[in-house]
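Asks: Letter by letter, the chains look like this.
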Amino acid sequence: MPAATLQQEQRRLKWAMLSPALFFIIAMIAFPLFYTAYLSTTDAFGAVNAHRSFLGLTNFSDALSDTRRFWPAVARTAVFTVAAVVLELCLGLAVAMLLRRPFGGMRWVRTILMVPLLATPVAVGVLWLLILDPTVGIANHLLGLVGIPPQPFLGSVAESLPTLVLIDVWQWTPMMTLLLLAGLSTLPEEPEEAALIDGASGWQRFRLVTVPMLMPVIITSLVLRSVDALKTFDLIYATKGPGGGSSNEAETLNVYAYGLTFDYQEYGLAASVLVLFTVFIVLIVIALRRRSAKDQP
Amino acid sequence: MLNRRGLLKAAGVGAVLASTGLPLAGCGNSAGGPDGDLRVVMANHVWTTAIRKRIPEFADLARRRVLVSTMTADQLSSTYNVKLNASAPDVDVMMYRPLQEQLLFARNGWLADLTDQVSGEPGYDWADFQPASRERTTVAGKVFGVPVVTERPTLYYRRDLVPDGRPPATLAEMFDTAVRLHNPAAGLHGFVGRGQRAGAVTMFSSYLYSFGGAFTAEGRSGIGTPEAIAAYGYYGRLLREAGPIGATNMTLEQVTPIFAQGKAVFAIDADAVYRNFIDPATSVVGDRTGFGAFPAGPAGSRPFNVPSWGLTINAFSERRDAAWEFIRWATSREMVLALQAEGVPGARLSAWRDPAALAKFPPELAASMTASIQTGVGADRPDVVQVGRARDIVGRPLVASILGQDVVAAAADASQQLDAFLVRDARQRKI
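Just so you know, the protein sequences line up as chains A and B, in that order.
First residue of the first sequence: 61, per the numbering used here; consecutive thereafter.
First residue of the second sequence: 15, per the numbering used here; consecutive thereafter.
Hints were generated in silico from the structure; no laboratory data involved.
Virtual Cβ for every residue (Gly too), placed ideally from N, Cα, C.
There may be inaccurate statements among the hints.
What the hints assert, rightly or not - Chain B side only, calculated, beta carbon under 10 Å to chain A, not exhaustive:
| id | residue |
| --- | --- |
| 1 | ASP88 |
| 2 | SER91 |
| 3 | SER92 |
| 4 | ASN95 |
| 5 | LEU118 |
| 6 | ALA414 |
Said to hold, decoys possible - Here are the computed lysine to any residue pairs in the SDA-like style, where the Cα-Cα straight-line distance is at most 25 Å:
| id | chain 1 | residue 1 | chain 2 | residue 2 |
| --- | --- | --- | --- | --- |
| 7 | B | LYS97 | A | VAL182 |
| 8 | B | LYS277 | A | ILE191 |
| 9 | A | LYS291 | B | SER92 |
| 10 | B | LYS277 | B | VAL193 |
| 11 | B | LYS97 | A | TYR95 |
| 12 | B | LYS277 | A | HIS201 |
| 13 | B | LYS444 | A | TYR324 |
Starting from the given sequences, assemble the full structure and let the hints guide the process.
Replies: Printed below as a string of structure tokens:
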């Protein structure tokens, strides 16, 4: 067989083998993305396939000038993500440092730590909703035993977002611990030993030796958890219902976009919010990746 | 050797397998087309529990397998939105909320027109359904659904705690008693009711009507009127001064257990779910729970009386005839009577006239239901296409009131927003 024909045949075979994956990517990723971008420029309402008119960037300007729902949702998304991820990083790092050296019963401790990761966010939401119910929940019952008055928790406008952050921390700190523990296990011991001989205290060794060496892993963990935390939906919806609560006190961008789609059927505006949300996420990931590249030796 | 045609074939087969592999695996051996299985989607509701037991009877009669899926009201709504937006034919009979979804779904062309079936079917007797229920399932002269459950608010009260063991006759009397008996330190609240912005709107409607207000009047907002502001003020104060903490996060899911665990003197919620309040399996106060008609406000007792759930047919269904057979069977005079005799309030007048059908209800509850039917208003939320947004708007002053904020300002702001919304919504009403 001539070499040119063989090459041609191999090229065709390559495309034939790739085609299912390509089709899947186009159908499941590219098409929804482009269709959402297209919908965001229309006045689609009621049904996606109903008659719609081209609006250009009107939906975007409507969303960006909405100080009642959109910008507060952006702020809550940022507050929720930063608070949850920072707490998870601090606690995750502390637990990872504790679990770094072998000790008796370590396997049990590690297994127990992983339990929250196994539950789905909706189940976690319902579980905490029952625990924190202001009237019949066990949390207020326990607080009452030590003389603390009942708290509204998720029933309060002011306490809802902090409570949701704590639930997220409860569920996802083990994930951070796992990632950081994996990073710690790959660090060389010599720099720490050298610092010890030079008389550095435990805190100095941690701050000036361990953390800088662990920084690439910390940044990667931050990127992974931040993207996940930005997208949090099920936990908030399961505990606060539509609109993130009666005063929209826990409404993040995801919850807002869901409400526009399924409660209001305003598909054009919802699509524009989702496009803006995607742009925000991409910008954050780019910023974190740049920071990570700077920290690389 | 793989030539161009071979390449295209391989790519095509690969792509088709990739795209259809999972659905095929999920289909099992269920049949499609007009003779296939009938797919019924229902809400988690007492009506569903009652009818589900009888579905094998229908399957035998129709000689067809009936596949039933159940989900919560919100899940149901989202599922319909996704499936019907995709013109999916894999749902035949849909349980739906006529007051929440009908205008929108009908406008979108998602519901089959049942006018000929309900009026042309010998012996079906469409006129036997309550006029308000018929009106709510009819849009622009076309019937899009058949009501299966009707609901009214009823007053649940603790007979062992209220004076003389009798329900209060007026809202003012209920307020005074609730505040007087409210003792959170002892784990007892004077009143428990829904407080979540959109979720509370349906129950709040009865307070609004009983204060002489309305959500809308002649196409304009009615929530800025003195009557509406008084109703908002009353309900907010009731929950603030006699209700549990965290009331703005409360829906039926929170109200029922609080009352059933003996932690509230009064509760007002739908009569169709009365069993949840008194079932010995979940309630410790079932034997001490009384029922009363909705207490009178300044404009009298004006509770809502609505068809909360109905059955309709997916316009994209391939089994519309079979779907109608199912609806006809499930809403026949005999079936409604049988279900009502089991404690599920239906929409047929004949069932309400039959004393045997009311015998299953506690006598006080039956009296409350009958009274509410006489004075009831046929809507419990704004009658608009975009009900979700309207509920959020009219619910805002309610939340402000519960939180002790300025109700007048909140109502004025919401009223202005509702006026602008109604203009936009009117343009969407074309069916």
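Asks: Taking the hints in turn, state whether each one holds.
Replies: Going down the list of hints, with the structure as the test:
no. : hint                 : result
1   : ASP88                : 7 Å, holds
2   : SER91                : 7 Å, holds
3   : SER92                : 5 Å, holds
4   : ASN95                : 6 Å, holds
5   : LEU118               : 6 Å, holds
6   : ALA414               : 9 Å, holds
7   : LYS97/B to VAL182/A  : 22 Å, holds
8   : LYS277/B to ILE191/A : 17 Å, holds
9   : LYS291/A to SER92/B  : 19 Å, holds
10  : LYS277/B to VAL193/B : 14 Å, holds
11  : LYS97/B to TYR95/A   : 17 Å, holds
12  : LYS277/B to HIS201/A : 14 Å, holds
13  : LYS444/B to TYR324/A : 17 Å, holds
Against the hints set out earlier in the document, no violation occurs for any number.
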